[in-house]
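Asks: Here is how the chains run, residue by residue.
Number of protein chains: 2
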Amino acid sequence: MNTPSSPAPLVVAEPRLMRDTILAARRAGRRVGFVPTMGALHAGHASLVERAAVECDDVVVSIFVNPKQFGPREDLARYPRTLPADVALLGASGARWVFVPEAATAYPAGHATSVVVAAPAADFEGAIRPGHFAGVATVVCWLFNVVPADAAYFGAKDWQQTVVVRRMVADLAIPIAIEVCPTVREPDGLAMSSRNAYLSPDERRRAVALHEGLESAARHWQAGDDVALVEEAIRAALRAHDVPVDYARVVDPQSLVPPRPGAAAVALVAGRVGTTRLLDNLLLPPRP
Amino acid sequence: MNTPSSPAPLVVAEPRLMRDTILAARRAGRRVGFVPTMGALHAGHASLVERAAVECDDVVVSIFVNPKQFGPREDLARYPRTLPADVALLGASGARWVFVPEAATAYPAGHATSVVVAAPAADFEGAIRPGHFAGVATVVCWLFNVVPADAAYFGAKDWQQTVVVRRMVADLAIPIAIEVCPTVREPDGLAMSSRNAYLSPDERRRAVALHEGLESAARHWQAGDDVALVEEAIRAALRAHDVPVDYARVVDPQSLVPPRPGAAAVALVAGRVGTTRLLDNLLLPPRP
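Sequence lines, in order, name chains A and B. Numbering-wise (the working numbering), the first sequence opens with residue 13 and increments by one. Numbering-wise (the working numbering), the second sequence opens with residue 13 and increments by one.
None of these hints come from the bench; they were simulated from the model. A hint or two may mislead.
[Said to hold, decoys possible] Facing chain A, from chain B, some residues (calculated, C-beta under 8 Å):
#, residue
1, P120
2, T125
3, V127
4, A130
5, A131
6, A139
7, G143
8, C153
9, W154
10, L184
11, A189
12, E191
Idealized CB from N, CA, C, for every residue including glycine.
Full structure from sequences and hints, please.
Replies: So, in structure tokens, the structure goes:
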């Protein structure tokens, strides 16, 4: 395990070198943890790296702003790119390697293959961002072949993404463990996200609506309210902050269909704060 | 390398045991060759196993009649299943392991993932059998994770399938070498196929039309004829044997688009002999 005083991580761009490096570490008996990211790293990413560094001998982090998971009218061009700061953060968090592939290596000439996950990817983000999860699943499948780690670490903030990745890993028998780590929040409860950088000061204040809505939902859930009432509590909080709702739903945490009575659930919310889409979610414990 | 006097191969049904067995062999320094099949094995399959046994230390053969690559009106139910004879043939050909997964392990409850290859899978078989190549690519991706061999061997008879598999392996960085082996033929030139078992005696005689058409095409190609004339030569042979043509095309061997002048090409043919669809192809060498 590395410590915060570790040397700067080694930056690797070449997929074959990356793969050989991981395999050599594993052959030497080292457990390797992998944190896939799009860069613009924040304390949420740091928490994934730190968790991986606790559970593994070596940590590798990929930074790749994957064009295939952005729609034609989305924010690919302006997505924040902060590589020097990212590498500094990763050194402090205990990463040994940073994998920064060129787009041309992830998508060679004539690239034609997509990994498509149907049911759990169809609703919510999948409905609003057509092709988004095919882009995610395809690049994550590619990454898991190039970075054949023991375990991969994802943030719970993108809950549906974790469901889609788990589904793909199970269906294709990809030999990697998927670990989902708690969302890291700002002091007012806003979930950490690279896209928070887009928010104006006024938008930043209103962005707390998602967390407030989820907290309110949790109280209604604990009180035994119907799912419809729990969902309405989320929408009410977003309305109060003038944040249009993309969705506010309480569903089964693994299948994303309506929850079974008495079982745990997850509240999913997405809203638009100005031109910025923000997501958040909260697990709701089983109730009698 | 095994020899024809090898003991009967070990039959493995459990994916995790299969994977651990392959990894243990490779850790011991053995090169492992993999021949994925749907069973109903014939001399064409045997040639793949024998080639793998020459090039590798251990050979593993999978037998799995993959439901996802059959359309709803195709021959899944009547596809020939001959496991005892298959295992005997594999022992004689030098296979060490036979992997026979249950459909429920390849497609666990809630399975929702497809691997889709666009361009090289869209035309020809892909146009006639919607979803066929997604079924092939998905199960081959799964198999390559469960059977992490050094190399996988495919028959050239299903040429488009080899193009689709190569495309997927490149695009997803799947760490396996793809080897394509020559088509094995009956004395009259008919390409070996498990589906030849469907043919009546009269159909069996007419089935030679595909090979005759390809031989005729090769003569026209060598004579310098236009691609359109070369293709017409194939159709003429099928007409002469009363075999309706699904397609008869001369294309680039890797991209399956029209060939470049002076470059090699492949002639692809598919026809219907009675109710049985048969495929064949022939590589055409570069010409001035």
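Asks: Measuring from the C-beta of G143 (chain B) to each C-beta in chain A, is the shortest one below 8 Å?
Replies: This interface hint is violated because 12 Å lies over the 8 Å limit.
Asks: Can the hint on A189 (chain B) be confirmed by a CB-to-CB distance to chain A that is less than 8 Å?
Replies: violated, 14 Å
Asks: When the nearest CB of chain A is found for P120 (chain B), is that gap smaller than 8 Å?
Replies: With a minimum Cβ separation of about 6 Å from chain A (threshold 8 Å), the hint on P120 (chain B) holds.
Asks: So, as I understand it, the hint says E191 (chain B) touches chain A; can you test that by seeing if any CB pair is closer than 8 Å?
Replies: Violated, because the Cβ-Cβ distance from E191 (chain B) to chain A comes to roughly 19 Å (cut-off 8 Å).
Asks: Would the stated hint for A130 (chain B) survive a check requiring a Cβ distance to chain A of less than 8 Å?
Replies: Hint on A130 (chain B): holds, closest Cβ of chain A at ~4 Å, below 8 Å.
Asks: Measuring from the C-beta of V127 (chain B) to each C-beta in chain A, is the shortest one below 8 Å?
Replies: For V127 (chain B), the interface hint holds, since the closest Cβ of chain A sits about 6 Å away, which is under 8 Å.
Asks: Mind checking the CB of C153 (chain B) against every CB in chain A and telling me if the closest is under 8 Å?
Replies: holds, 5 Å
Asks: Holds or violated: the hint that T125 (chain B) contacts chain A, with Cβ atoms closer than 8 Å.
Replies: Holds. Min distance 4 Å.
Asks: With 8 Å as the cut and Cβ atoms as the points, is L184 (chain B) at the interface with chain A?
Replies: With a minimum Cβ separation of about 5 Å from chain A (threshold 8 Å), the hint on L184 (chain B) holds.
Asks: Per the CB criterion, is A139 (chain B) less than 8 Å away from chain A?
Replies: Not OK, violated: A139 (chain B) not within 8 Å of chain A, min 15 Å.
Asks: Per the CB criterion, is W154 (chain B) less than 8 Å away from chain A?
Replies: Since chain A brings a Cβ to about 5 Å from W154 (chain B), closer than 8 Å, the hint holds.
Asks: Can you verify the interface hint for A131 (chain B): is its Cβ closer than 8 Å to any Cβ in chain A?
Replies: holds, 5 Å
Violation of the numbered hints given earlier is confined to hints 6, 7, 11 and 12; the remaining hints are satisfied by the structure.
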